[in-house]
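Protein chains in written order, with this note's numbering: chain R, 1314 to 1677; chain H, 1314 to 1677; chain A, 1314 to 1677.
Among the hints, erroneous ones may be present.
Note: identical chains are not told apart, hence a pair may lie in one copy or across any two.
[To be verified] When the alpha-carbon atoms are kept at most 20 angstroms apart in a straight line, the in silico SDA-like pairs for lysine to any residue are as follows:
1. Lys1386 with Val1335
2. Lys1456 with Glu1443
3. Lys1478 with Asp1426
4. Lys1349 with Val1413
5. Lys1392 with Ala1637
6. Lys1580 with Thr1628
7. Lys1478 with Leu1373
8. Lys1405 with Ala1488
9. Lys1392 with Val1402
10. Lys1392 with Arg1632
11. Lys1349 with Lys1405
12. Lys1392 with Ile1447
13. Lys1580 with Asp1626
14. Lys1405 with Pro1560
15. Lys1405 with Asp1332
16. Lys1580 with Gly1333
17. Lys1349 with Ala1477
18. Lys1405 with Pro1564
Just so you know, the hints here were simulated from the structure itself, not pulled from any lab data. Bear in mind that the values here come from a model prediction, so they are computed numbers and not experimental data.
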Amino acid sequence: MFLRNCWYVAGWSHQFPADGLVTRTMLGDPVVLYRKADRAVVALEDRCCHRLAPLSLGRLEGDDLRCMYHGLKFAPSGKCIEIPGQSFVPGKAGVRAYPVVERDCWVWVWMGDPASADPALIPRALGHGEAGWIMRTGELAYKANYELINDNLLDLSHLSYVHAKTLGRNSMAWADSRPRTTSLARGLRVERWVVNNPLAPYLGRPADARTDSWQSYDYLAPGVFLLSSRFYPPGSAAAGDMAAPRPDLEPFWVSQTSQAITPIDEKQSIYYFSSCLDRESANEEQADAQIELFRRAFDEDNAMIEAQQRVIDRTPRPRMLATASDGALNQFRRLMARLIEEEAGADASAVANGQHPAITQASA
Amino acid sequence: MFLRNCWYVAGWSHQFPADGLVTRTMLGDPVVLYRKADRAVVALEDRCCHRLAPLSLGRLEGDDLRCMYHGLKFAPSGKCIEIPGQSFVPGKAGVRAYPVVERDCWVWVWMGDPASADPALIPRALGHGEAGWIMRTGELAYKANYELINDNLLDLSHLSYVHAKTLGRNSMAWADSRPRTTSLARGLRVERWVVNNPLAPYLGRPADARTDSWQSYDYLAPGVFLLSSRFYPPGSAAAGDMAAPRPDLEPFWVSQTSQAITPIDEKQSIYYFSSCLDRESANEEQADAQIELFRRAFDEDNAMIEAQQRVIDRTPRPRMLATASDGALNQFRRLMARLIEEEAGADASAVANGQHPAITQASA
Amino acid sequence: MFLRNCWYVAGWSHQFPADGLVTRTMLGDPVVLYRKADRAVVALEDRCCHRLAPLSLGRLEGDDLRCMYHGLKFAPSGKCIEIPGQSFVPGKAGVRAYPVVERDCWVWVWMGDPASADPALIPRALGHGEAGWIMRTGELAYKANYELINDNLLDLSHLSYVHAKTLGRNSMAWADSRPRTTSLARGLRVERWVVNNPLAPYLGRPADARTDSWQSYDYLAPGVFLLSSRFYPPGSAAAGDMAAPRPDLEPFWVSQTSQAITPIDEKQSIYYFSSCLDRESANEEQADAQIELFRRAFDEDNAMIEAQQRVIDRTPRPRMLATASDGALNQFRRLMARLIEEEAGADASAVANGQHPAITQASA
């Protein structure tokens, strides 16, 4: 069950060469992508309307794509413009074309009704491609449903456990912090102080140095995580009564990361992530060290979530016990269920009950 | 859905040793084959009637085959002739035996009712084992339904695309030629002139040499392709008003190839093919070069068709758009559907609709 | 379909370290096992009640196990004793705990209702860990349903075929012997003389030496094979009129083997086996030689049974033809079906018919 009227990341801009075909499976659909001469990205159904051969085994001819099984040719609009052996091309002959927007170093594809494809719905990645930020990028394939990855990112208490030796820095600071959650139009804002936490080693501070960090992220449909982390001296959180830091309170270190999950199908997903460090306070080596830390940490998530998916797959009637930490993730699951329901015009309870493990409330 | 009352190629004669068991899966049936002392090939159900162990793990004892799990012994007729631990062998004890005929270097197995197994129904391969022809052989495993391979061989316009760099010789001659199709008892005859086409390099002609070739093949149930190719100087087709070449018009080069597709199951097939060159005009090196070219070309087909199968498998309700080039393949699909229907005594439309992607007509 | 109210072997005692988690899948259930400080083995459902992550990716904290996804902690009883982020732990929060008994070098787990877990139901392995026996151990993974392995061990006529070159010693003595079968509370006793059989080479006897051996085993639910083999001079069987050897008839060689099959799921099993030789007549080298022979022989069984399973899987309506040798195995299948039926309170015929290939009687 996917939300289709939505923009999904199909990859990093640098993954789309000037000349060549890129294939993706998105929401179960086979998609072939390429750049036109004007560098605009085209996304077509990767399935010829004639004998269902993949167009990605075809040949680019200018801005058009020819199927190399029996030679049908398609325009960037998806319309078939040549059928060898016959002069007539029926108007209905063609393949689906998906709206594409390239923005913030990501190629976004609209998987639903093209008429509803509003570029204003594209979430803005933080610092991507901006001169003031030292950017690094990564991606990771998941053998897991995308909602399990959403869940992971919506409950960062897992940093103290899954990432005890990496992002968690052997501290309970993340597990002990309680975020405040605010509803957004198509998502949530989740904010918190993480108090008296060790610093990443690549900051070059003494080993016993500590920080209070203000961690604020927006989590937007279908699975876009936009986190800004601002680091202050220890005591800053209490000094401000745990309220959001005043704008004039200058952090000594700022990190931003944008992450996007795109379902391949119900059991596989792909995860794109960035690291952006403020060029005023960080250097290239620190940027390398941070993305390397992210890679190791996200491999830890991957191992846990894929294992979780395997357990769910072998469990006849999976049930989950909701805890106090599950507030944000359950809120987002309900939001997604509602959006999918609105899209389908279907009954909400069917969507909510059919797809997910039953949930029992454990919090007092 | 398979046509069972039909002869299927189980392999090349040279693949069946005087002493030893050969296993095949044909139309979903496990089959074990071996030669008797008189060299006749026996084909038995590869599944002991006792505990369902494969007889192919058994032991040849003269012309009989003993299951090496608990020792039941079977005659070439499939009849069980010994059950250890009991003197009585019930009459019904046994495994299925399949009629076998070895002909034209191929071992043919009848997969249906033995009573209907008429050797006269075996298609005759072209030049196999005949002194006048320099023969080479090959085989290729397919992860695809056999009908997709039939389709491929019944629309040779694909030579200009799939095989642009091999059989197609960077020419549109194949795509531009329109064959004439004639019905046969259990198949089709497809004939055409391919005009002004480059020659294969191993003929040793100048690089710009061209030929008009008369390409005629019979395509017979369940999937046997028998192609004779006769090469004449350019202009020959027009000089004869595009009619079949007169018998006294001597070609400068003749090639024959026989090919047979045997379903392993609904999603896998095996493909046997030969190359035969006229010994009067060709030599051994040219025979080697031609089979090598075939291998490369058939690997190209294999990549395209397996990809096509994967697309079909992931498409919920596959639909195909019929073009002008699909005449022969659709005719053959209807023929096979009719034969299967007649065999089943089943409703024709059920067979035709249930198995295949829905087809829309695109030709004017 | 499994018998759950039963003890199953989860492994050899030496496979459970003092500090560390062991994972098993038993009867389809994911299980994590570990030793407490007092060395008692704990077996818990390997699936956190919160988000279904595997506890085997967790961390031992004293005798407790913490899930390393979001930090829930579980006692050896399965009860959840800590939920990070909330002070309240609901009484129902927890995972299933399985009764465990360590006995005779095996760790036994009760897979059914804990209230019925009676240690008196544990079969006693022969000679395991006893000073008078030189013991060797092994295990083997099977891609086959456990009942096919039961079948194998309940018809030892296969020694003359499957094991012709190993345990069968190129003799028909096993195939020609007819065992007598006696019912036990939860199993069968199967006894026979195997007459005038060659001896294993590691006994160091002349190559033409023969023996009459008294082979007696108990086969107990769910799949425990306890075989005592006593070797006498040839002629001993006839001298005693084929009756069980008198207690005062001293064998020149005694071997015991205990074997246990644990279903992983419907299509996979694990097989544990021992070899025990009487320390009075055998030495360490002979013990090594015998377990090595067992390994080779059990690999032969494995190849045959996995092949049998694959044949069954591809056979639409598998039917088996019962022979005179199938008495014991059919009796045990009926016993298991009855025990499962009693456990389910279900209809007996449903159990017996639904699961197994249909059986036709072949014996006169």
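Comparing the hints with the structure gives:
1. In this homomeric assembly, Lys1386 and Val1335 come within 20 angstroms of each other (Cα to Cα) only inside a single copy, at 18 angstroms, whereas the closest approach across copies is 46 angstroms.
2. For the homomeric pair Lys1456 and Glu1443, neither the shortest alpha-carbon distance inside one copy (32 angstroms) nor that between copies (48 angstroms) is at most 20 angstroms.
3. In this assembly of identical chains, Lys1478 and Asp1426 lie within 20 angstroms of each other by CA distance neither inside one copy nor across copies; the values are 45 angstroms within and 40 angstroms between.
4. In this assembly of identical chains, the alpha carbons of Lys1349 and Val1413 lie at most 20 angstroms apart only when taken from the same copy (12 angstroms versus 58 angstroms across copies).
5. In this homomeric assembly, Lys1392 and Ala1637 come within 20 angstroms of each other (Cα to Cα) only across copies, at 18 angstroms, whereas the closest approach inside a single copy is 52 angstroms.
6. Taking the shortest Cα distances, Lys1580 and Thr1628 sit within 20 angstroms of each other both inside one copy (15 angstroms) and across copies (16 angstroms).
7. Taking the shortest alpha-carbon separations for Lys1478 and Leu1373, only the inter-copy value of 16 angstroms comes in at or below 20 angstroms, while the best intra-copy value is 48 angstroms.
8. For the homomeric pair Lys1405 and Ala1488, neither the shortest alpha-carbon distance inside one copy (57 angstroms) nor that between copies (23 angstroms) is at most 20 angstroms.
9. Taking the closest pair of Cα atoms, Lys1392 and Val1402 come within 20 angstroms of each other only inside a single copy of the chain (10 angstroms); across copies the shortest separation is 60 angstroms, beyond that limit.
10. For the identical chains of this complex, Lys1392 and Arg1632 are inter-copy neighbours only, at 16 angstroms across copies versus 47 angstroms inside a copy, given an alpha-carbon limit of 20 angstroms.
11. For the identical chains of this complex, Lys1349 and Lys1405 are neighbours neither inside a copy (23 angstroms) nor across copies (60 angstroms), given an alpha-carbon limit of 20 angstroms.
12. For the identical chains of this complex, Lys1392 and Ile1447 are neighbours neither inside a copy (42 angstroms) nor across copies (48 angstroms), given an alpha-carbon limit of 20 angstroms.
13. Taking identical chains as interchangeable, the C-alpha atoms of Lys1580 and Asp1626 lie at most 20 angstroms apart whether they share a chain (10 angstroms) or sit on different chains (16 angstroms).
14. With identical chains, the CA atoms of Lys1405 and Pro1560 are never at most 20 angstroms apart, being 57 angstroms at best within one copy and 46 angstroms at best between copies.
15. For a Cα distance limit of 20 angstroms, the shortest separation of Lys1405 from Asp1332 qualifies neither inside one copy, at 28 angstroms, nor across copies, at 60 angstroms.
16. Taking the shortest Cα distances, Lys1580 and Gly1333 never come within 20 angstroms of each other, neither inside one copy (28 angstroms) nor across copies (31 angstroms).
17. Taking the shortest Cα distances, Lys1349 and Ala1477 never come within 20 angstroms of each other, neither inside one copy (46 angstroms) nor across copies (24 angstroms).
18. In the homo-oligomer, the alpha carbons of Lys1405 and Pro1564 never lie at most 20 angstroms apart, since the shortest distance is 59 angstroms inside one protomer and 45 angstroms across protomers.
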